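Asker: If you want the building blocks of each chain, they are given just below.
Number of protein chains: 4
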Amino acid sequence: MSIRVTVWGENVHDQRHQLVKDIYPRGMHSCIAEALNTVPGIKARTVTLQDHEHGLTEQVLDETDVLTWWGHAAHGEVRDDIAARVADRVLKGMGLIVLHSGHHSKVFKRLMGHNCDLLWREAGEKERLWTVNPGHPIAQGIPAHFELAHEEMYGEPFGIPEPDELVFISWFQGGEVFRSGATWRRGAGKVFYFRPGHETYPTYHDATVKKVIANAVAWAKPECRFGWGCPNVPADKALEPLTVHGGSVH
Amino acid sequence: MSIRVTVWGENVHDQRHQLVKDIYPRGMHSCIAEALNTVPGIKARTVTLQDHEHGLTEQVLDETDVLTWWGHAAHGEVRDDIAARVADRVLKGMGLIVLHSGHHSKVFKRLMGHNCDLLWREAGEKERLWTVNPGHPIAQGIPAHFELAHEEMYGEPFGIPEPDELVFISWFQGGEVFRSGATWRRGAGKVFYFRPGHETYPTYHDATVKKVIANAVAWAKPECRFGWGCPNVPADKALEPLTVHGGSVH
Amino acid sequence: MSIRVTVWGENVHDQRHQLVKDIYPRGMHSCIAEALNTVPGIKARTVTLQDHEHGLTEQVLDETDVLTWWGHAAHGEVRDDIAARVADRVLKGMGLIVLHSGHHSKVFKRLMGHNCDLLWREAGEKERLWTVNPGHPIAQGIPAHFELAHEEMYGEPFGIPEPDELVFISWFQGGEVFRSGATWRRGAGKVFYFRPGHETYPTYHDATVKKVIANAVAWAKPECRFGWGCPNVPADKALEPLTVHGGSVH
Amino acid sequence: MSIRVTVWGENVHDQRHQLVKDIYPRGMHSCIAEALNTVPGIKARTVTLQDHEHGLTEQVLDETDVLTWWGHAAHGEVRDDIAARVADRVLKGMGLIVLHSGHHSKVFKRLMGHNCDLLWREAGEKERLWTVNPGHPIAQGIPAHFELAHEEMYGEPFGIPEPDELVFISWFQGGEVFRSGATWRRGAGKVFYFRPGHETYPTYHDATVKKVIANAVAWAKPECRFGWGCPNVPADKALEPLTVHGGSVH
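Chains as they are written, first to last, in this note's numbering: chain B, 2 to 251; chain S, 2 to 251; chain U, 2 to 251; chain H, 2 to 251.
So that you can see chain B by itself, here it is in the shape it has in the complex (with noise of 0.2 Å):
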């Protein structure tokens, strides 16, 4: 079967600005999904901001393994309630790839528990990526570095707890360095950051991103769907025997 892919576009720039949509005519989302389609074995749809609920109810969740999550200048208008569905979905095993600036939005803010802050410049500068763990299974066909002639910097401190695992660093013109794809695995799903994407460069054109983007999906492909909870196991069921002791308030 093949993995469904839900690709999330905050659909924003990519109507208001010209110099977006010259370089993606149908939205940077369709850009992304029509890359992913070209994939044997997955099956990407595109969903946005203005869509009911922002295109992420129950049922298109419960239909999707993977979300990929594009988003800069309208993380505030993602509704909180909405923000904590799609956690809670990754908790419960479905695979999350936050795309550049998602750094900032809700979802992958509640999901690291942390600011997700950084230094940025725009300057179209050089970007070159570094594969620092060549066994992974999102750095298979990567080469050992590639280049991005003109990208908006991100520079360290990057605000993440210790990623699980690292797979790029990225080396830029200007000076800086930034850990460009790391891992985390949340409950039952696993969660991968890309760095390049920046709306005003045909980044999601380049066929290395493309790449890079597929592994993270078939990666986060999930094994299962497992439901949390906080049950009850009562004395006279638990697994060795009991004799109860003191008193409770409950």
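Please note that the accuracy of each hint is not assured.
As the list makes no split between identical chains, a pair holds if one copy fits it or if it spans any two.
Claimed, not checked - Pairs of lysine to aspartate or glutamate residues, derived as DMTMM-like cross-links and limited to a Cα-Cα distance of at most 25 Å, are as follows: (1) 107 <-> 66; (2) 222 <-> 89; (3) 44 <-> 224; (4) 107 <-> 118; (5) 22 <-> 207; (6) 222 <-> 207; (7) 127 <-> 237; (8) 211 <-> 166; (9) 238 <-> 118; (10) 127 <-> 241; (11) 222 <-> 118; (12) 238 <-> 148.
I should point out that these hints are in silico values taken from the structure, not numbers from a laboratory. Remember, predicted model here, so these are calculated numbers, not experimental data.
Position chains S, U and H relative to chain B; hints supplied.
Answerer: Then chains S, U and H, alone, in the frame of chain B:
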């Protein structure tokens, strides 16, 4: 200079139930603070949920190096903005010690990015904690294993991110195990979760438990106060010379 | 293509002691391999300490995706160069599943950089394993907890580096706990340690134990074969233009 | 009581090459020890490869809280038993600071369980180190970034296990990046790797480099000396009552 500890107490069971009053006549928070105040180099005070801003005003937090948190019955009554304020302070360097049922507090769940769910049973059974990381600062002076004659059971799976370091694992008489002492760095701050401490047993009168909490306070003391942010580094201030390419939507 | 598993057996107790022969008439390694060979997509063979180069020739390793290792009585008889060869293969991508008393094997200690010490008791007591990471690939199809009626006890502290992911924790009837299922990435390879499997109990006939090992094999399958090295990048081949400064002792 | 530091120097280039003598007239180890001895609370001495047992007798190690290690030309001349002795001391609590080309030392490779391979170029290019973990003890008093005008380049992939905490990442003028400051716990001991320090540049005269090493020494100071082992716990000494089942081959 002393480590300034603020012991936060929910102070609900302590007020409402004679059973708890009998064990902790001045409240659980007072018992914890009194124990800490016997340790040279630690100066602890208490605040409670019922205080103005739950006792966690900006001024109190300015004067707090390490915060300890016990709550159970009234997690929902903690204001969201105060929980966010406390979590932000941790990212900036304040230490946080989360005790027992504080696992479901807004502050802990927020910093973990997780549901912090678990199994539980209130039967006053025996708990034996094993030190699995004997070189860790929090384990110093703590034996290879120690027992609490009567405690509530918490069982796995515990809904937390993989700890940075696991310090204690509990064995329960009824047949369960639990990751009872675990650490995480969050930003410039350190977080320690410590399982024991059910309100109906005299756990915070136990000398080894007191020693663990004092060790954790010393370990969680801030190295610095780090102010995060998202500063822009203009192209003409870049560390290496840059020529700007491309446009911007800003 | 099938995952090619080589099951390494020390094959000393199996030959020497009737007690072990009664449980594993064709050796423990054969029992493990036979179980794996019932799983679609896995093709397992056995080699033993007594074989030429302990059965771990370069050619055998060329044809091995995942190696499982059980040893106890004769760790010292494994040649250092063969242990180094196996560890090197793991760094290059080969998966490794270390079973029970393999904790003290040269290969495991070498890859951990640790002594891998632990407590132990041979009393045929009850062991109950708890799944603490229910979303992990190795935990799929494994219940929340499962029991082995009679096993050797291993207790903490276990002398290992902090695992990348902890999957199982054991509860022992005699009062101990143990980190019984743990994973580490080493280079391009993955390592899983799984505790149960004392030679005098029929542990490898247990269906859940077999399932864990099969899951671990699928999880440890290499993504790639990565050849490490220390290549020099001459100044005139640098990615950015450089002027050489300073001298050299080379 | 002061932290007792033993600065280990390979002392080969320092003796053989005028270029190195000009920068470090009394050897690189003396330069490092002299800097540490200016720090209140640290008392450093030097030993070298050429000393009896490389200067690392049991008695010297008994009196060592933290060992620093610089080697390059003569890793192979370090006796295996001495490397094993040092690694064992780390597991028991001794701190270890591995400097620059010490990445390929027997001691570091042994503790990492890894090849510690990397790319390299000797061109005297600019290195800029970024602090990615500003709340870490080793980063205290270190700026957000600092530069070394002329250094050897080390590039990724660096053949190490995922660090417990990453503290510094380097940007190189020639286009590479490197994980230049990283920590690992090994047993009761702490290990810090710090990249800068090529013998033909005056790196250990740099004030920020000196400060990093001093911070690392303070961080790596042992909490305790923990004696590992594999003790048997007889059934009749179990913490919970046990009836022995099954036989034994012992």
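Asker: Quick one: residue 222 to residue 207, C-alpha cut-off 25 Å, is that within a copy, between copies, both, or neither?
Answerer: within (23 Å within a copy, 29 Å between copies)
Asker: At most 25 Å between CA atoms: does that hold for residue 127 and residue 237 within a copy, between copies, both, or neither?
Answerer: between (66 Å within a copy, 15 Å between copies)
Asker: Cα distance capped at 25 Å. Does residue 127 pair with residue 241 within a copy, between copies, both, or neither?
Answerer: Between. Shortest inter-copy distance 11 Å satisfies the 25 Å Cα cut-off; intra-copy 63 Å does not.
Asker: Given a CA cutoff of 25 Å, do residue 222 and residue 118 count as a within-copy pair, a between-copy pair, both, or neither?
Answerer: Close across copies (23 Å), not inside one copy (27 Å); limit 25 Å.
Asker: For the identical chains here, do residue 238 and residue 118 meet the 25 Å Cα criterion within one copy, between copies, both, or neither?
Answerer: For residue 238 and residue 118, only the inter-copy Cα distance (20 Å) is at most 25 Å; the intra-copy one is 48 Å.
Asker: Using 25 Å as the alpha-carbon threshold, which applies to residue 222 and residue 89: within, between, both, or neither?
Answerer: within (16 Å within a copy, 30 Å between copies)
Asker: Could you place residue 211 and residue 166 in one of the four classes (within, between, both, neither) given a Cα distance threshold of 25 Å?
Answerer: Within one copy, since 20 Å is at most 25 Å while 29 Å is not.
Asker: From the Cα coordinates, with 25 Å as the cut-off, is the pair residue 44 and residue 224 best called within, between, both, or neither?
Answerer: Classified as both: same-chain Cα gap 18 Å, cross-chain 23 Å, threshold 25 Å.
Asker: 25 Å Cα cut-off: does residue 238 pair with residue 148 within a copy, between copies, both or neither?
Answerer: Only across copies: residue 238 and residue 148 sit 16 Å apart there, 60 Å inside one copy, limit 25 Å.
Asker: Evaluate residue 107 and residue 118 at a C-alpha cut-off of 25 Å and name the case that applies: within, between, both or neither.
Answerer: For residue 107 and residue 118, the Cα distance is within 25 Å both inside one copy (13 Å) and across copies (21 Å).
Asker: Since the copies are identical, ignore which copy is meant and state whether residue 107 and residue 66 lie within 25 Å (CA to CA) inside a copy, between copies, both or neither.
Answerer: within (20 Å within a copy, 28 Å between copies)
Asker: When no copy is specified for residue 22 and residue 207, does a C-alpha distance of 25 Å or less occur within a copy, between copies, both, or neither?
Answerer: Within one copy only: 17 Å inside, 50 Å across.
Every hint from the earlier list agrees with this structure, and none is contradicted.
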